[in-house]
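A.B. asks: Listed here are the chains, written in short residue letters.
Protein chains: 2
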Amino acid sequence: MIVDVRDIYKDVSKYIDKEVVLQGWVRNHRRQKEFGFIDFSDGTAFKNIQLVYDNSLKDFESIAKIKVGSSLEVRGMVIKSEGSLQEFEVKVLNIKLLGDCPDEYPIQPKRHTREFLREQAYLRPRTNLFNAVFRVRSIAAMAIHTYFQERGYVYFHAPLITASDCEGAGQMFQVTTLDLDRVAKSGNVDYSKDFFGKTTALTVSGQLEAETFAMAYKKVYTFGPTFRAENSNTKTHASEFWMIEPEIAFCDLNGVMDIEEDMLKYIVKYVLEHAKDEMEFFSKYVEKGLIEKLTKLINSKFTRISHHDVIKILKEAKVKWEFEPEYGEDIAREHEKYITEYFDGPVFITDWPKDIKAFYMKLNPDNETVAAVDLEVPGAGELIGGSEREADYDKLIKRMKELNMDPASMEWYLNLRKFGGCYHSGFGLGFERLLIYLTGVENIRDVIPYPRTPGNCDF
Amino acid sequence: MIVDVRDIYKDVSKYIDKEVVLQGWVRNHRRQKEFGFIDFSDGTAFKNIQLVYDNSLKDFESIAKIKVGSSLEVRGMVIKSEGSLQEFEVKVLNIKLLGDCPDEYPIQPKRHTREFLREQAYLRPRTNLFNAVFRVRSIAAMAIHTYFQERGYVYFHAPLITASDCEGAGQMFQVTTLDLDRVAKSGNVDYSKDFFGKTTALTVSGQLEAETFAMAYKKVYTFGPTFRAENSNTKTHASEFWMIEPEIAFCDLNGVMDIEEDMLKYIVKYVLEHAKDEMEFFSKYVEKGLIEKLTKLINSKFTRISHHDVIKILKEAKVKWEFEPEYGEDIAREHEKYITEYFDGPVFITDWPKDIKAFYMKLNPDNETVAAVDLEVPGAGELIGGSEREADYDKLIKRMKELNMDPASMEWYLNLRKFGGCYHSGFGLGFERLLIYLTGVENIRDVIPYPRTPGNCDF
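Protein sequences appear in the order of chains A and B.
All letters in the first sequence, in the order written, are residues 1 to 459 by our numbering.
All letters in the second sequence, in the order written, are residues 1 to 459 by our numbering.
Be aware that one or more of the hints could be misleading.
What follows is a list of derived Cβ distance ranges for each label pair [stated by the list, open to error]:
1) A:Val21 with B:Glu329: 39 to 49 Å
2) B:Gln120 with A:Lys315: 42 to 52 Å
3) A:Glu273 with B:Thr295: 29 to 39 Å
I should point out that these hints are in silico values taken from the structure, not numbers from a laboratory.
Quick reminder that beta carbons are idealized off the backbone N, C-alpha and C, glycines included.
Using the sequences plus the hints, can you model the full thing?
C.D. replies: See below:
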């Protein structure tokens, strides 16, 4: 019977003293004179299985030569382990070598730097660390889908190639089928010959389109890739990353904070439950105390405070700031840190100065701030950004004009305010930022299978 | 108590004779002298709710003026309906108009052509048809995630921007941050100045990268966007679409057929269960007998037959073909149709001539065919394409050279065959093709929220 290692770990008692067939890879191999041990993984579980073989096997000699990285088909008995390290092991009856592996195989059982493993991105999920990271990535994605679908949200696929620009910012990747050599030769660019007959780019956000669907389904969410052609080489920036952007009609700023808090706690709980071994590994070897940090989040009440009151606290703090906190301005990493420590937990900062926030955010009655909210989380900084959207047609047009945006180009977006408009809110969660928080792995390059950053587009 | 319409339909008895607050939109409004009826939707359910109001309300006059498309907050009693059309209705106690809607609102309660609604893509989810389509899209996506996650597959996010080209085909969208006007002016293209320092494009498939993860996790799947810059304006082609690409180590061609059949039946069952109202609507108004078609699929045993034997059957058929079937060649739509009718159910066609299939497919011992499989489904044509992958390093290099591909550029892919390689298989399912099959809606433009096709990139 061919079984997944995952199934054995799910219910060992079912397999004890039974014969099984396993297919997978050699992670480590320790040989003695008369017997040997193979750390064996089929990738379906974080934990390996120990294979034990001895010289009663007729092909003992050839088995002893099997190299790290090789793929095997193993027939053996699941038996209670004599050793104390594992509950059970598999006593080998027969091993078939399916795929050999040469000595120059880069993933030998020793410490590798994360930089080295980034260069070997196609092999790194075979290491403990990355095996755990990318399984947690998968589980966290499922947590998100489950959360929203159980609550009646419609999953909306935002278009990736777009002719509009959500943030009004530049820094987008252009998408074209024009032959650039021909463009260079001809001396001019004729977009009427381009695939879509105009300039197009990769989206930086699916929010505006998600709003159109929220006006039909009440509750929707996106979960898809977004792109930024930002030339920054930091630990938290990638050119291609995944975003979750829920959008909810008949929901105000307080309502969207309720959803953010509930969703985040749900995801954390789900991952702790569904990735026990991986999370224990991270908590032990990657970020000491990770599980305690996450458990504390689940049990905490998130604080809600306005940007104004945050600045007041920062100004009154007896701290020598690198950046002086100011009303009307953004806050720095050191401020975020101070505030989450001050409240000893996650903090929603609301009602931000309009000039540092996006055009679509609802203007508050003070005419100076907008109904925006950033969620600051201890150890993660800003994790989620959201807002109530401007539902007033005239105010929205006015704001767009102030920012030199062309209302005509976004007629459809404006029309949402004319055709049965309503108060509505939404937020954006960067999936990789969440994964950094969940795993303790610090660099965004290490939580994306094949990261794209300035100058790097391999595989 | 603010409730979603969805929750009332889930358990009407819980709400009968209770007061509720609803928030949503007016789909239709029929006025009489002394009372009126509003077809009301909050988007959380396919079915509307009927609001009934009469002139005992003090603002009867203004309520009677409420226009189609407007957004409302309604307080009312859920009561058993006197009429026979619906089980219950809501007797209005109070209506607050949240957002008005002018007479020129395009989505009036009358028949609209799908072409017209495509132009109003941002409003079309407010119609019955598209409301159903995009909710089924969401539910089908969840079916796919649930299927794979429950079976221990790891969800893998393939990179979208890529420097490699899976199919060895052209027709990719180029991704660039070069200023095209400057390129035209300068007269040459300097890719060292491009964002990634080289030419990059949007991926046409995540398969090759998925294989690298299958070699670590045994079972993985992608579910993400892919792109084709194909200049074709057919009902089944879009430039941006979503694909599901599972990849399984230690799995041969028969194994992958088992998975395809099991998965497809699971998805169909899941959608029939989770989207009852929508599917009944499609079956009644879009494709007569749709539910019977899908139920038949669930209960059928899929046939498995080689391409060679299919051609034999086609040649022996007493049919005047438009395209003469030939050994060694691809089959046409008319052949697909004949074969699924011949076997009265879905048909796996295996072992295709190598020259019409991709380089990575496993060469059969006959040296002429490859271990590829297309799934032909009655009423859908080719729904899934899969294959066992070439696991032999030397054969793979030989094939690449025959096809003028550069093995050096895909060293990492080739190395999978050197570092503990094993037999493995996978397949690709076009998500929109599946949706066309599930809903009976014929045009791919009508199952993608914001479709991108040659010359069309709106919203």
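A.B. asks: It remains to establish, for every hint, whether it holds in the given structure.
C.D. replies: Right, here's what the structure says about each hint:
| no. | hint | in the structure |
| --- | --- | --- |
| 1 | A:Val21 with B:Glu329: 39 to 49 Å | holds (40 Å) |
| 2 | B:Gln120 with A:Lys315: 42 to 52 Å | holds (51 Å) |
| 3 | A:Glu273 with B:Thr295: 29 to 39 Å | holds (36 Å) |
Consistency with the previously given hints is maintained throughout, with no hint failing.
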